[in-house]
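There are 4 protein chains.
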Amino acid sequence: MNSVSSKHKEKDQAHNEQIDHKLARVRHLVLDVDGVLTDGRLYFDNSGNELKTFSTLDGHGIKMLQKSGVQVAIITGRRSSVVERRAHDLGVHKLIQGREDKFTALKELFGEDGYRLEDIAYVGDDYPDLLVMKRVGCPISVPNAAPPVREHAIWVTEARGGEGAVREVCDRIMKAQGTFDTALAPYLQTD
Amino acid sequence: MNSVSSKHKEKDQAHNEQIDHKLARVRHLVLDVDGVLTDGRLYFDNSGNELKTFSTLDGHGIKMLQKSGVQVAIITGRRSSVVERRAHDLGVHKLIQGREDKFTALKELFGEDGYRLEDIAYVGDDYPDLLVMKRVGCPISVPNAAPPVREHAIWVTEARGGEGAVREVCDRIMKAQGTFDTALAPYLQTD
Amino acid sequence: MNSVSSKHKEKDQAHNEQIDHKLARVRHLVLDVDGVLTDGRLYFDNSGNELKTFSTLDGHGIKMLQKSGVQVAIITGRRSSVVERRAHDLGVHKLIQGREDKFTALKELFGEDGYRLEDIAYVGDDYPDLLVMKRVGCPISVPNAAPPVREHAIWVTEARGGEGAVREVCDRIMKAQGTFDTALAPYLQTD
Amino acid sequence: MNSVSSKHKEKDQAHNEQIDHKLARVRHLVLDVDGVLTDGRLYFDNSGNELKTFSTLDGHGIKMLQKSGVQVAIITGRRSSVVERRAHDLGVHKLIQGREDKFTALKELFGEDGYRLEDIAYVGDDYPDLLVMKRVGCPISVPNAAPPVREHAIWVTEARGGEGAVREVCDRIMKAQGTFDTALAPYLQTD
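Residue numbers (my numbering), protein chains in the order written: chain U, 1 to 191; chain D, 1 to 191; chain H, 1 to 191; chain A, 1 to 191.
Warning: the hint list may mix true and false statements.
A pair counts as met if it fits within one copy or between any two copies, since identical chains are not told apart.
Claimed, not checked - Below are the DSBU-like pairs computed for lysine-lysine, each with C-alpha atoms no more than 30 Å apart in a straight line:
#  : residue 1 : residue 2
1  : LYS63     : LYS107
2  : LYS63     : LYS94
3  : LYS11     : LYS94
4  : LYS134    : LYS175
5  : LYS67     : LYS134
6  : LYS7      : LYS67
7  : LYS67     : LYS107
8  : LYS175    : LYS9
9  : LYS134    : LYS63
10 : LYS9      : LYS63
11 : LYS67     : LYS9
12 : LYS107    : LYS134
13 : LYS63     : LYS11
It is worth saying that the hints were derived from the structure and are not from the lab.
From a predicted model like this one, the values you see are computed outputs, not experimental measurements.
If we strip away everything but chain U, and leave its shape as in the complex, we get:
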């Protein structure tokens, strides 16, 4: 390996350690819906019905992360009963829909509990998400996000929104917090 690519590697590693350091203290994971929990597609039919698609990988990740002690919440600018149902299925009780001002929504969501912005990870893909991403400890984005949003993230997942991006986030938080192996262990038993 020449010294240039070696330096590049060191820098990457330092950056990854910095991300994991921040993820290690996350107490709340807050998720946008369209483009993060979904692929950003809105399905409409003739009669005004609306569909969204979610990922089973994400669903299982959210359940495991909650079990590990991290709280999961959802804030979305649009409003639909689909999201309400999905949140309920996943045991996500903190949910605010139809809010353009996402930072005010965030304060409402956690206001009564007491919280610290540094302890929050937020995953977003569009400009309204920047209002939260610029203030919390762990702003995260996805490959399919608008470019300025990706630039304000400390980490952009490999998987696209709706195709496992949130699962990637859940697993990495658990690894950074040392809870991943314990969470996986029951599935590896053979006796």
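Chain U is already provided as a structure; the job is to place chains D, H and A on it using the hints.
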């Protein structure tokens, strides 16, 4: 860098400046639906119901572009109540559906207001779109378009139709017109 | 260019000319549905409703090809009202559904008119399609087909089924038959 | 070819032979649903309706494999009438839904018949599948699986779940068991 690739780069840059020069004077953005605002897929079910999928990124881009002073219109050869609803949600009031002759539709749409063809950008993906694209100042296409349509465009977006192509157009028009930073500013505030 | 890649190119060109030679005499284009006119996905919901997705590019190609004098027919192993509706919308009147033995279906479809197998192009993606593909003049396949089906085709389209594969076939037939420029001309007029 | 890449090739070939050796004795193919028979997307609409998408290629593969003498079964953690219908259409009568503990479900499914774990191939994509994959003779996974699941598989298909992964498994089992050519023969007849 050798001189060949350097020349290639200069030519690319000159072409990009030419595109931005044309985008800077756009007053009206006119959009085709299937293949541009959608991925070109038509979903049909047993009972004759039809679905289309739209992109949330596109939706936000259209709203911001309108706020910046550029008018957005939709002309489509097919006809469906899905498009009517989506246009209404986005505040797009100029909409003509079910018209094969798209240039005549364009003249009807803008006839009363007075308009100049040089001030119009049009995004299309199939042959009927050529009728408009060959006449307006900014003919734009998408990677999933029929090849002859891409050839008649001054610019082919990177994103595919229904996956952010229209957002790419909206953001680049605002950048060329110097309105992008103002539009983004409210989302970057932290006080 | 070295002599190896030059030879490769000559061989490719000879193969392409052979394909175009066969396409030039096609009078009937026969299409499979799932995996050819669609991406092979079957959408089912809780109440037994079924959806399929079609491509607008394909639709326009089929209409133009018919106008140019080539007849289009559909033979499919499954059965659904979705296909009936789509065929009707595209002006395709020769349609047989729910038939495993596709070659017998083909003979029924054209039996009364008189036809020659050498004048038929067929696009298929799965084993039952081989029954027809091994007998007609122009067996064509798609990139998403089962490997043995691709091997029995004289040509595999670049676009996948449901994403413009059939449009690619329609345009190439018209080019090989010298009808493409006439078909495109009305869209290029600026009078 | 240099000796390094030659060694790499030998190792690959040895691994492939080992896989085929195990597939040759498979009597039961057991499939997960979400992410294996589907792409892992859950489609929800406003009224609580749910859709899943299946692949026609997979469907045909499952029917051929059963005809060749291998039994096919489905075990899934979620529960939906969509899966029931799809299983019925494919002639898959061994089906257990809504079960987190997949290994217990497996024992119930085959308990009465008598079976050997070494004779079972299982295709999975998420942690609950590991409970079965670590015990059966042929644990198989898909490219879209969670990384630890891919690591516990003896083989990861090329096709993604819902896009032909199961067809790839069916065809390879038949090839390893020497039944593939017989199964394909009827489609290649031109009498």
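How the hints compare with the structure:
Within a single copy, LYS63 and LYS107 get their C-alpha atoms as close as 24 Å, and across copies as close as 26 Å, so both meet the 30 Å cut-off. When the C-alpha separation of LYS63 and LYS94 is checked against a cutoff of 30 Å, the pair qualifies both within a copy, at 14 Å, and between copies, at 28 Å. For the identical chains of this complex, LYS11 and LYS94 are neighbours neither inside a copy (37 Å) nor across copies (52 Å), given an alpha-carbon limit of 30 Å. For a Cα distance limit of 30 Å, the shortest separation of LYS134 from LYS175 qualifies both inside one copy, at 24 Å, and across copies, at 22 Å.
Taking the shortest alpha-carbon separations for LYS67 and LYS134, both the intra-copy value of 28 Å and the inter-copy value of 24 Å come in at or below 30 Å. For the identical chains of this complex, LYS7 and LYS67 are neighbours neither inside a copy (39 Å) nor across copies (46 Å), given an alpha-carbon limit of 30 Å. For the identical chains of this complex, LYS67 and LYS107 are neighbours both inside a copy (24 Å) and across copies (28 Å), given an alpha-carbon limit of 30 Å. In the homo-oligomer, the alpha carbons of LYS175 and LYS9 lie at most 30 Å apart inside one protomer (21 Å), although the nearest pairing across protomers, at 35 Å, exceeds that limit.
Within a single copy, LYS134 and LYS63 get their C-alpha atoms as close as 27 Å, and across copies as close as 23 Å, so both meet the 30 Å cut-off. Proximity of LYS9 to LYS63 under the C-alpha cut-off of 30 Å is found in neither arrangement, the shortest distances being 34 Å within a copy and 42 Å between copies. Taking CA atoms no more than 30 Å apart as the test, LYS67 paired with LYS9 passes in neither setting, with 34 Å inside one copy and 44 Å between copies. Taking CA atoms no more than 30 Å apart as the test, LYS107 paired with LYS134 passes inside one copy only; the shortest distance there is 14 Å, against 45 Å between copies.
For a Cα distance limit of 30 Å, the shortest separation of LYS63 from LYS11 qualifies neither inside one copy, at 33 Å, nor across copies, at 40 Å.
The structure is inconsistent with the numbered hints 3, 6, 10, 11 and 13, although it conforms to all the rest.
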